[in-house]
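Student: One-letter residues, chain by chain:
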Amino acid sequence: MSWELLISPEEVDKANQELLQTAEKVGADTWQQRVANQTPHCGFGESGTCCRICSMGPCRISKKAPRGICGCDIHGIVARNYLRFTAGGSATHSDHGRSIAHTLYNASPDGNYKVTDSEKLLRIAKEWGIETENKDIYDVAHEVALVGLNEYGKPFGNLLFTQRAPKARQAIWESQDILPRAIDREVSQAMHMTHMGCSSDPEALVRQPLRAGLSDGWGGSMMGTEFSDILFGTPRPIDTEANIGVLEEDMVNIIVHGHDPSLSEMIVFYANDPEMIAYAKEQGAKGINIAGVCCTSNEVAMRHGIPMAGNFLAQENVVLTGACEAIVVDVQCIFPALGPLSKCFHTKFITTSPIARIPDSDFIEFKEETAAENAKAIVKMAIENFKNRKPELVHIPKQKSKATVGYSVEAIKKCLDGVTNSHVDELGTMKPLVDAVKSGVIRGAVAMVGCNNPKVRQDVYHIELMKKLLENDILVVVTGCSAQAAAKVGLMDKEAAKYCGEGLKRVCRLVGIPPVLHMGSCVDISRMMVLASDIAKDWGIEISEIPLVGCAPEWMSEKAVSIGNYVVATGIDTFLGVDPYTKGSEQVKGFLQSGLKRWVGANFIVNQDLDMLSTMMIEHIEEKREALGI
Amino acid sequence: MKRLFDRVLDGSSEMMVRAERSIDEVEAKYGLDAPVLLPETAYNCAVNLAYKGTKISTVADLRNALDVIEGMIKKRQNTTAIFNAGIATAMSAELIEACKYVGTATPYEGTPYHGHFSDAEVRELGVPLVTGDIPGFVVIIDEAPSDEEAVELIKGYQSRGIFVFLIGKIIDQALRMGVNMGFPVRVVAVGQDIWSVSHIVSFCDRAAMIFGAIEPGDWDGFQEYTFVRLRAFVNAFKPVRDMTVACGGGAIALGFPVITNDTEDMWKVPKSLIIQENTKDFIETSLEARDIKIKVTNIDIPIAYSSAFEGEIVRKKDMQVDFDTSRVDGFELVRSCAINEVEDHKITVVGPDIDEVEPGSVMNLGVLVEVYGKNFQSDFEPVIERKFHEFINKAEGIMHTGQRDIIRVRINKSAFDAGFRMKHYGEILYAKVKNEYEKVVDKCQVTIFTDPEQCKELRAAANVKYDERDARLANLTDESVDQFYTCILCQAFSPSHVCIVTPERLGLCGAVSWLDAKATNELDPTGPCQIVTKEKMIDERTGAYEDVNEAVREYSHGALEQVTLYSILEDPMTSCGCFECICGIEPMTSGFAIVNREHTGMTPLGMTFSEMASMTGGGIQTPGYMGHGKHFIASKKFLKAEGGVARLVWMPTALKDVVRKKLDKTAMELYGIENFTDMIADETVMNDPGDPAELMEYLASVGHPVLEMEPLL
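Residue numbers (the numbering used here), protein chains in the order written: chain A, 1 to 630; chain B, 631 to 1343.
There may be inaccurate statements among the hints.
[Said to hold, decoys possible] Result set (BS3-like, lysine-lysine): computed pairs, CA atoms no more than 27 Å apart in a straight line: (1) B:Lys1095 with B:Lys976; (2) A:Lys468 with A:Lys498; (3) A:Lys390 with A:Lys281; (4) A:Lys624 with B:Lys705; (5) A:Lys414 with A:Lys120; (6) B:Lys898 with A:Lys498; (7) B:Lys898 with A:Lys624; (8) B:Lys1260 with B:Lys1292; (9) A:Lys414 with B:Lys704; (10) B:Lys1291 with B:Lys1017; (11) A:Lys494 with B:Lys1291; (12) B:Lys946 with A:Lys468; (13) B:Lys1043 with A:Lys624; (14) B:Lys1043 with B:Lys946; (15) B:Lys923 with A:Lys413; (16) B:Lys1004 with B:Lys1073; (17) A:Lys114 with A:Lys413; (18) A:Lys14 with A:Lys25; (19) B:Lys923 with A:Lys414; (20) B:Lys632 with A:Lys624; (21) A:Lys413 with B:Lys1095; (22) A:Lys120 with A:Lys367; (23) A:Lys286 with A:Lys398; (24) A:Lys537 with A:Lys120; (25) A:Lys494 with B:Lys898; (26) A:Lys343 with A:Lys380; (27) B:Lys704 with A:Lys468; (28) A:Lys498 with B:Lys682; (29) B:Lys898 with A:Lys537; (30) A:Lys498 with B:Lys704; (31) A:Lys154 with A:Lys167; (32) B:Lys632 with A:Lys537; (33) A:Lys498 with B:Lys705; (34) A:Lys390 with A:Lys25.
[What the hints assert, rightly or not] Covered by chain B, per the in silico footprint, the following chain A stretches (three or more residues, Cβ under 8 Å): (35) 410-423; (36) 436-443.
Derived from the structure by calculation, the hints contain no laboratory data.
Beta carbons are placed, not taken as given, at the ideal position from N, Cα and C, and that holds for glycine.
Working from the sequences, and respecting the hints, build out all of it.
Tutor: Take a look at the structure:
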């Protein structure tokens, strides 16, 4: 059956073309143009065979020059680059988590940040052995934050969250020597191992990324997720809208972009302030419209239903509408291009984090203690900018879709409770999902994650893969830019369930969910790890036995490689649509794409072909079923 | 463990092979051209018709249907294949059952089994389904752990109003335990073999076609209808064979969960296939699985109370006492009173109770229900009074017929032995009146008179009241009121139908008069009966109003543009499918024939009730055909645009008897014709009821006025 409810790639192209015409009109540079300028890419860089770790080089490996000046061979060089790539991602995610931990530490009943989900706070306190009896909730919050912060640099022991994994998985980590220690230590060790004159053994260099990845997924990211939930609320299903058409022609449009919800939460709060709305009206607008881009969008959509304007490669589009009063950013995935681009329009490009300082922006440093005034100032700046719009440049493509988002693990369990029978089942488990998979009604699940990458036609891999999986009764859970890709075209509209295979269609209907479940931003892939663990526990099997695979078809960032490492290390085979700069070494490729299986029961599969990717994922899931005798 | 999908696929193939065998047998015996006709239905072999649009009329068609089924069974491991195979199983099962009806219309005669359901039976359940009197259906398959448990389960469902279909060995258990079974008591022994389940699927599919106007072949339409609108579920006792699992696949495809106590090779599927090893919990588990909430009215009586007992008959031999106003005095009356005249929940019995008379006695019965309510209007008195029949009938072992001062009530011995006395009779009325009319009844007291003298006196007083009401009703014409009402009660089943209820045109189901609609509107201002103004008349002759059209457009959600109130040829009113009567054009005489649901014979239109009924229903407008209530027939507005009741050329005798008095009066007033009802032909005056020429002959012989009228077409 066709998917006529969805916005088609052709319609998306048409809208993009319209915006590019505006770009041309104002003489703006766009990523499409820069991709053309950068093509073809450097072959050494692409295959991971260029080493510039010390200043004797750069060394580029070729037939003529098979070793670097220090004598490191191609496998060592590719593997070192790969480990550094992972360390970059792990550090980035984990630092995000650290920043949230600081926010939690500073939370106070009359401050800018408060405890919203105290139940979760108490649960984690208990999990970490923190006494809560007769204690003020904020004292508990500070203690939990402190223990969390300590995870980054504790001298001994392993990460506390790893104990959430099934025992069998913990044993694998232990026996493979990849059970992560302090979060920062794994990143530091990665940098150390790859320093000139340290490791050149590809096996060791492929093992450490697993541990560095785990310190992200089961450490920094998980902390980012959990502490964000404590501060801003654990997501529950909420309706919203997605795609560029969520911008409002007659309102002050403020775009929040980046990753850290500490900023966006405040902006959302003050945009709803009656005083601010009145001010916006005074300035000739009908009101204030906040929309998100990238993972910030996921954060505010799943907690407040704030519409999603677009994902990573749509960030320039929001400015190109000519209707964006301000684009407010924090950290990660922000194009420096937004600086010059915003200058072509009336748009204010506001940077807020010392971590992401970008030329041609207004920098308003966002601090926990001054968050309220910072946010207010930003909203005010946007309102005052409304009058500077150039009407002749305003064009908002009419595309938007309905979406239901916010499926945290807690929310999924709640939904599943709805299909239990109180006379035979227990509540608060994954068992209904497990039963649906065991019986064959649902064949399995795919966790689709990751970015956009101009090497792949934007969103098309995400969407086409999802469609194929859904037609085959495979449940799709998503985060990050993959989630937005789905939301933008309508795959998170509950109505879209009608295009799924009969099994999934029925499940969606009975459970009352859209066929693609939005689990959050990219740090929230940690939610997927908890989900997989809970499924394994409720099923009584090992994670690697579950008919479940991961997929990042359009990934581009270092974070994505870190994610890939912890997903595989957790026992979930992961399919990539873009190569992680490792094709230069047969040995490294061999480890990643098959050797890891022997260590952790899962590996990477890299394939750029869309049809092959979907076919292989389905086959993979069916093979796992066969092995289980289901 | 054998995989669930493999079990469905194997069971589906097995059923198909058996169907083939059955077809081989009938072909050998009767030949390929032999007719295959399930009785009293316009949707022959409804399961095959519904899902694949397969029309079956001969043995050869059965064989072709088998090819279609074979194409549906694909050995693939996905739910689409399983749903297809499950429905294919039901289709195969239907072919097996259809084979039994080759050469005989009554293959189950002399057996305890019901087999095929008639369209009339499907239609009969329309109203109780929408009102929630039947909150759901259960199909119980095979043997309960013990005979006692079988009865407990059946009675448990029955007492909750759930319609019970039985298949297989549980029927033997019920028979051994002397369970009273049959369509009227809503416990039906469908058949011995698993393939008899097809009769139930057929029942559901016909409900979709009749009430939902789902077209044959609209696969998704049927699935959606049964999933959303039919609260059915299955209880399957162990051991469950593959063929039953395959039928279960079909049930789940339709949206009906299966609850079983079998654990062998059985797989749980949330809300669809539930393993409940404790069979004592079957009922509660099942109701939760299908989201059925039972409306409970707590009535303090020693006997069971449920809609399932409404159709129960108390025979003379089981009777403890008989109240019969054709022999002694009695009456039923609701009277509104001042606040200080009513003491809430006061139940008084005046005269001897039933334990003070000999078993088998005929007794007087006067029932006076006095109510007070701030928002009570005297127009609600007859509305409530008319519900006594239903209120009393739902008690197990009590039978009630009639109304006003023509009533007959029987109480059987087991109810009496259980301790039922006349104060309980009062309790039932009190509880139901307070519960169903809580918005308008603040206080209610009930007095039961069995004393002959009092009954005589009060009967006379009641008759004064009845006469007053009749006078008011006689004055209640479409012209004398300012507003009509919609009734969309049926939309739960027939989503695009809207009734417009006027004083002279009651709802087509016969259950909603203008006063009922008015009361319903007062009780629930946002409910199914909404006020329709009548300010913008378009055409007086056909009864067309802009206001009515607007209401119809709104409440049919755009499915219907306009209706007239008094014409059958020009934009006639639609129907849901649960109409009491269907009226259709008879072209040769330029007249109309009416047939009531109970009549199963042929009509001069060459169609039976079922076939005529299938011309309309589901909110579809079919000029020339119209469903309506019995009491609309004698109205001056009936067929008004076409010339009125003088167009009536044929009706079954039973229907004539119901409407005779009023119809004669109407004809007298409109045309000055005496005894007009006798001029209408019926099944007794024609040798071949399907022959229009014979009808013409009869009309000529009695000088029927239609012969003088303009041709219709």
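Student: It remains to establish, for every hint, whether it holds in the given structure.
Tutor: Each hint tested on the structure:
| no. | hint | verdict |
| --- | --- | --- |
| 1 | B:Lys1095 with B:Lys976 | holds, 23 Å |
| 2 | A:Lys468 with A:Lys498 | holds, 14 Å |
| 3 | A:Lys390 with A:Lys281 | holds, 18 Å |
| 4 | A:Lys624 with B:Lys705 | holds, 20 Å |
| 5 | A:Lys414 with A:Lys120 | holds, 15 Å |
| 6 | B:Lys898 with A:Lys498 | holds, 23 Å |
| 7 | B:Lys898 with A:Lys624 | holds, 19 Å |
| 8 | B:Lys1260 with B:Lys1292 | holds, 11 Å |
| 9 | A:Lys414 with B:Lys704 | violated, 36 Å |
| 10 | B:Lys1291 with B:Lys1017 | holds, 24 Å |
| 11 | A:Lys494 with B:Lys1291 | violated, 58 Å |
| 12 | B:Lys946 with A:Lys468 | violated, 68 Å |
| 13 | B:Lys1043 with A:Lys624 | violated, 65 Å |
| 14 | B:Lys1043 with B:Lys946 | holds, 10 Å |
| 15 | B:Lys923 with A:Lys413 | holds, 24 Å |
| 16 | B:Lys1004 with B:Lys1073 | holds, 10 Å |
| 17 | A:Lys114 with A:Lys413 | holds, 26 Å |
| 18 | A:Lys14 with A:Lys25 | holds, 17 Å |
| 19 | B:Lys923 with A:Lys414 | holds, 21 Å |
| 20 | B:Lys632 with A:Lys624 | holds, 17 Å |
| 21 | A:Lys413 with B:Lys1095 | violated, 62 Å |
| 22 | A:Lys120 with A:Lys367 | holds, 25 Å |
| 23 | A:Lys286 with A:Lys398 | holds, 19 Å |
| 24 | A:Lys537 with A:Lys120 | holds, 20 Å |
| 25 | A:Lys494 with B:Lys898 | holds, 25 Å |
| 26 | A:Lys343 with A:Lys380 | holds, 19 Å |
| 27 | B:Lys704 with A:Lys468 | holds, 20 Å |
| 28 | A:Lys498 with B:Lys682 | holds, 20 Å |
| 29 | B:Lys898 with A:Lys537 | holds, 18 Å |
| 30 | A:Lys498 with B:Lys704 | holds, 21 Å |
| 31 | A:Lys154 with A:Lys167 | holds, 23 Å |
| 32 | B:Lys632 with A:Lys537 | holds, 24 Å |
| 33 | A:Lys498 with B:Lys705 | holds, 23 Å |
| 34 | A:Lys390 with A:Lys25 | holds, 13 Å |
| 35 | 410-423 | holds (count 6) |
| 36 | 436-443 | holds (count 6) |
Hints 9, 11, 12, 13, 21, counting from the list given before, are not met by this structure.
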